Amino acid sequence: MITAGIDMGAKYIKVVLLKDGVVQGRAIAATGFEPTASALECFERATKESSVDKSSIVHITSTGAGRKAAPNVDSDITDVSATAKGVVHLMKGVRTVIDVGAEEGRGIKIEADGKVVDFAVNEKCAAGAGAFAEAMSRALEVSIGEFGQLSLKSEKTIPMNAQCAVFAESEVVSLVHAKTPKHDIARSVHDAIASRIVSMVRRVGIEKEVALVGGVSHNPGFEDSLNRGLEMQVIVPEYPEYVGALGAAVVACERAK
Amino acid sequence: MAEYKTEPLKCWQKAKELRLKYYKDYQNARSKGGIRWTGGAWSFDAIPAGLGRDVYNITGEPYAASLAFAKRLSMGCLEAAEAKGWARDLCSYMRNYWGSMYLRKYAFGGEYPDPDFCFQDHICCSHGKWYQHVAEHKKVPYFCIDVSVGPYRDLDENRLMFVVNQMHESVEWLEKTTGRKYQDELLIEAVENEVRSTSVWAEICCLNMAKPAPLDEKSMYSLYVHGTLAKHAKEVADFYEELRDEVKYRVDNHIAAVPGEKCRLMSDTQPPWGFLKIFRYLENFGAISVGSLYTFGLIGVWETKPDGTWGPRTTPMQRGERITSRDQALRILADWNLSKPEWQHFYDPNLKTEMMLQIVKQWRVDGVMLHLNRGCEGLSCGIMENRLGIAKAGVPVMTFEGNMGDEREFDEKRVTARIDSFMETLGVEMTEKTAGTA
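Line order of the protein sequences matches chains H and A.
Heads up, the first sequence is in this note's numbering, so the first residue is 1 and it goes up one at a time.
Heads up, the second sequence is in this note's numbering, so the first residue is 1 and it goes up one at a time.
Hints are not guaranteed to be accurate.
Taking beta-carbon pairs under 8 Å as the criterion, some of the chain A residues facing chain H (in silico) [to be verified]:
1) ALA391
2) ARG418
3) ASP420
4) SER421
5) GLU424
6) THR425
Derived by calculation from the structure, the hints in this document are not laboratory data.
Since the structure is predicted, the reported quantities are computational estimates derived from the model, not experimental observations.
Note that beta-carbon positions come from the ideal geometry of N, C-alpha and C, so glycine has one too.
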């Protein structure tokens, strides 16, 4: 049986095609101003590149902030539940999930079957999400990829006092003027984001193993800051940004049966 | 899906009329030679009642909630308060109320009616200052009673007398301020009405333990409000007895508030008044909020029964006690109010957690939705401690941010998305016919 999951994220749309529990294809596209058209294009690409016949897909489930806008779907599921399902599909021993995307950061406590026990989401705050790291990388005139790597070169902790992305940016500007090396600023920014995420995840309780998923998982600087904040190593799966879409595809499979 | 029968409350229209009459009576008091005063919903309104039967009050919190519900007017009020230099993180009820006063606009039509005096008590950080500013702005006299004597379980004679002595002083102040002779028999009558109305409200809340619940919390907001307007008034006590009888009839005949009840929730603190539709959104999942410590205990007065359950506090009259003097009436009034559930957790959030878990158990609640209310520091104080305590007890709990009186701090889309996730964790799904509607 072939099913599909579409994650209509705030910044990117991800599609995963699943056959008997094995991923057949995946694709990603910028959400843009026309999320429905972007989703169709992304879906087309995923089927084409994996040579999956669209007519053989028995159930499509959408997730993500724009899940209601997803085209041609049979059902939908929230980000929290989809992420939990995706994580246990990949890593059976994980009980705590940290999901950091462009717009939101989440902490999710799960059971062995992927059932959500508790969750917390950062409230109206960009300082705990990927968009903040991107904004700060622009302020330092480096790409987001370089920004993550730069952070690893630093061994210095510079506390960032601001609790808000807007004021934190002012602090970054002050650090630039104070001739602080870029790598130290990068680490400071990642520490600030990690600190918010750690405090949020502690609210739901941290139980080993802990997985880090979502687009920001690609940022090694953030992962390092998070590991230091949690005082443990998080597990980052391959293709962490696709975990929500994978979970939706798993749910699609359950619902099709 | 289980379907229960439902029907509108028969006394709903009466509730609306009673509320409108209250606001109009206040507005028109002077044309009848009466007195107008203002203070909080928790003020000892039974005390000024001793000045005569033509004394009318307006309580700030429910008045501000009415403003918040009228979004355009509320925005004007909030901006007027901000234009005076007041910070946006102050109590949003207070800012709405002050804005109405500055703009001279009354939520029920016409000009904001100036009070003759302010009469308040102080337990939350804003209460005393709220009416101090009103009094200064309107150049009217002000009396405030400090009730911060600690939780009821620690009450002793000295603590009680700290409040009672201030009450005696307030009676002298009222006589001096208004030039009227104080009538103890009217005070006694008002105290009897207050203990009756607040105990009967608790009785009504107890009826909501039934499955299906006869009342949903959104409707309860329109009913408990009478206790916040004039808990000392005979018509409020009488209305609550009528309501109790109707709710009892609904329980006996399995008349549900939400016909598709599958999941029972509990909320906390004041709701975002401009977005009460989130309670209707819950109904898409067959979920009903059956109440909260806020709805039950803001005006309802309770006691722990011998079997350990929570129930309406036994009134002095039910114990066979007759009130015959001013001192006795004031002692009863002080003791009664100091036992109010929502006054307890100002001293320790754990007291609130204990009461919330009691409600979860008795009202058979499946999940808890905590409103992190940026508009009320008093009732939100310690709310994350409550969350922790509830979660530790194994009860599913979610939080959402908002503001009871400032719609700029409520993100409807995010909150409904959060509700969707929470409903999934509770294992309830949106019904087919309503899927996708908000």
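Against the structure, the hints come out as follows:
no.	hint	in the structure
1	ALA391	holds (6 Å)
2	ARG418	holds (7 Å)
3	ASP420	holds (5 Å)
4	SER421	holds (4 Å)
5	GLU424	holds (5 Å)
6	THR425	holds (4 Å)
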